[in-house]
Each structure stands twice: as C-alpha cells, then as structure tokens.
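Read top to bottom, the protein sequences are chains A and B. Sequential numbering of the first sequence, starting at 1, is according to this note's numbering. Sequential numbering of the second sequence, starting at 114, is according to this note's numbering.
None of these hints come from the bench; they were simulated from the model. Beta carbons: idealized from backbone N, C-alpha and C, even for Gly. Among these hints, one or two may not hold up.
Claimed, not checked - With beta-carbon atoms standing in for the labels, derived distance ranges: (1) B:Glu167 to A:Pro18: 43 to 49 angstroms; (2) B:Leu124 to A:Lys78: 35 to 41 angstroms; (3) A:Ala54 to B:Thr164: 27 to 33 angstroms; (4) A:Pro61 to B:Glu167: 24 to 30 angstroms; (5) A:Gly85 to B:Thr183: 22 to 28 angstroms; (6) A:Thr101 to B:Arg174: 19 to 25 angstroms.
What the hints assert, rightly or not - Which stretches of chain B does chain A cover? Using the computed rule of at least three CB atoms under 8 angstroms from a CB of chain A, they are: (7) 124 to 130; (8) 156 to 164.
What follows is each chain in one-letter form.
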Amino acid sequence: EAGVVQSPRYKIIEKKQPVAFWCNPISGHNTLYWYLQNLGQGPELLIRYENEEAVDDSQLPKDRFSAERLKGVDSTLKIQPAELGDSAVYLCASSWGFGDTQYFGPGTRLTVL
Amino acid sequence: KNQVEQSPQSLIILEGKNCTLQCNYTVSPFSNLRWYKQDTGRGPVSLTIMTFSENTKSNGRYTATLDADTKQSSLHITASQLSDSASYICVVTLNPPNTGNQFYFGTGTSLTVIP
C-alpha cells in the first residue's frame with residue numbers, strides 16, 4: 001500500500017513569492033491534515049479536512065495561507081506571499097476517520113530567503 | 114491548558130543499551146496516547162497507541178507504558194540499535210474529538226545511538 005505522498009520534498013523561494021505544496025493521501029482515507037513543523041518542535045495543525053470539507057482551519061493564517069481538497073482526495077496548501085518566518089517543514093497526514101491513527105507523508109521543507 | 118511535555122529533550126546512548134523516554138500530559142478529557150518515531154527528513158510513524166484502560170503496549174523492542182492517574186507515559190527501548198536514532202514524539206488525543214485541536218503533540222525527544 002502506498003503511503004502519503006507529498007511534493008515537492010524541498011522548496012527554496014524568495015520572500016513575497018507564492019508557493020504551493022501537494023499531498024496525495026492513502027487511498028480511502030477520509031481525513032486529511034496539514035501540519036507545520038519547526039525544527040526541534042512537534043507538528044502544529046494548520047487545517048483538517050473531512051472528505052472535501054475543511055472542518056478545522058482555526059490555526060490557518062488565512063491572510064496568506066489557503067488550502068483546498070478537491071473531490072476529497074488530493075490536497076494543496078498555498079502560501080502567498082511567503083514570509084521569512086514561513087520556513088519550516090509542512091507535513092501532510094491522512095487517516096481513515098477523525099481520531100484514527102494518522103499516517104504522515106515525508107513533508108516538504110520550505111526555505112524562504 | 115492542554116499540554117504535552119517530553120523529557121529529556123535529547124539523549125545519546127551507546128548501541129545495545131536501553132533507554133526510557135518520558136511524556137507528561139495535562140490533556141483532558143483523555144482519549145488515547147500515541148508514540149511516534151520520526152527519522153530525520155521523514156514524517157512521523159506510529160509506534161504504539163494506548164487507551165485509558167491500557168497500562169502497557171509493546172512493539173518489538175519498544176514498550177510503552179501509561180499511568181492515566183498521574184498522566185504519565187514512558188517509552189522504553191531495549192537493546193538499542195543505530196537505526197533507533199530519531200525523534201520520538203508523544204501525542205495525546207482529546208476525548209471526544211471536537212472541532213478544535215484534536216491532537217496534542219509533544220516537542221519530541223531526539224535520540225542518538227552511537228556505536
């Protein structure tokens with residue numbers, strides 16, 4: 001069974017530029033999460049989807065961050081414009097349902113110069 | 114305030130030795146506690162999950178314990194191997210899951226196993 005796939009694995013951009021991350025969850029998983037992880041810290045939830053509906057985006061900085069999960073499968077997370085403080089690893093995770101074990105992707109390491 | 118604290122922050126041990134990592138939490142009401150292993154440059158991978166009624170759970174050389182009364186958990190690694198070098202993250206789930214934050218992550222313990 002394929003795991004959670006994320007791309008790109010690494011991204012380097014200059015501040016004020018836009019950037020987008022893509023996530024393909026495990027087939028059949030209804031719940032999808034986007035996390036931000038700073039070095040030496042645990043993941044912090046940005047947004048959670050139940051199928052195609054964003055049911056928890058309270059931690060998402062909506063002035064510059066946006067996300068979508070069309071058709072309830074793949075998801076994209078966008079930052080526009082990026083700031084220096086956005087440098088971090090962005091993790092995508094999926095689970096069968098709310099509260100079930102999450103399976104994480106390898107993450108996208110973003111560096112904003 | 115719901116929090117998860119892990120100790121030590123980092124640990125270096127010799128290959129073949131045992132070690133124990135600690136997790137203290139204040140998350141309430143409690144649903145379950147998971148230990149994840151995160152290799153450098155990879156996403157976290159679940160090792161164990163324990164509910165309120167479970168005191169111990171093993172996964173190979175990894176044994177997790179839970180004391181729900183004192184709100185403490187530990188992860189014991191037996192006969193460590195070089196491949197055990199990773200960050201170990203404790204995650205507590207709120208019960209019932211609500212529209213707010215569902216999972217509370219610790220900051221992790223960075224374990225380095227040296228030959």
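| Has the region 156 to 164 of chain B got at least three residues whose CB is nearer than 8 angstroms to a CB belonging to chain A? | holds (count 5)
If you check the beta carbons of B:Glu167 and A:Pro18, does the distance land in 43 to 49 angstroms?
-> Given range 43 to 49 angstroms: holds, Cβ gap about 46 angstroms.
- Query: For the pair A:Thr101 and B:Arg174, does the Cβ-Cβ distance stay inside 19 to 25 angstroms?
  - Reply: 20 angstroms Cβ-Cβ, so the 19 to 25 angstroms window holds.
Report task. Go ahead and decide if the range 27 to 33 angstroms is satisfied by the Cβ distance of A:Ala54 to B:Thr164. Result -> With Cβ atoms ~28 angstroms apart, the hint holds.
- Query: Is 24 to 30 angstroms right for how far apart the beta carbons of A:Pro61 and B:Glu167 are?
  - Reply: Violated - the Cβ-Cβ distance for A:Pro61 and B:Glu167, about 37 angstroms, lies outside 24 to 30 angstroms.
Task: Outcome, coverage of the region 124 to 130 of chain B by chain A - at least 3 residues whose beta-carbon is closer than 8 angstroms to one in that chain - done: violated (count 0)
CB of A:Gly85 to CB of B:Thr183, is that within 22 to 28 angstroms? With Cβ atoms ~37 angstroms apart, the hint is violated.
Verdict for B:Leu124, A:Lys78 (Cβ pair) under range 35 to 41 angstroms: holds (38 angstroms)
Violation of the numbered hints given earlier is confined to hints 4, 5, 7; the remaining hints are satisfied by the structure.
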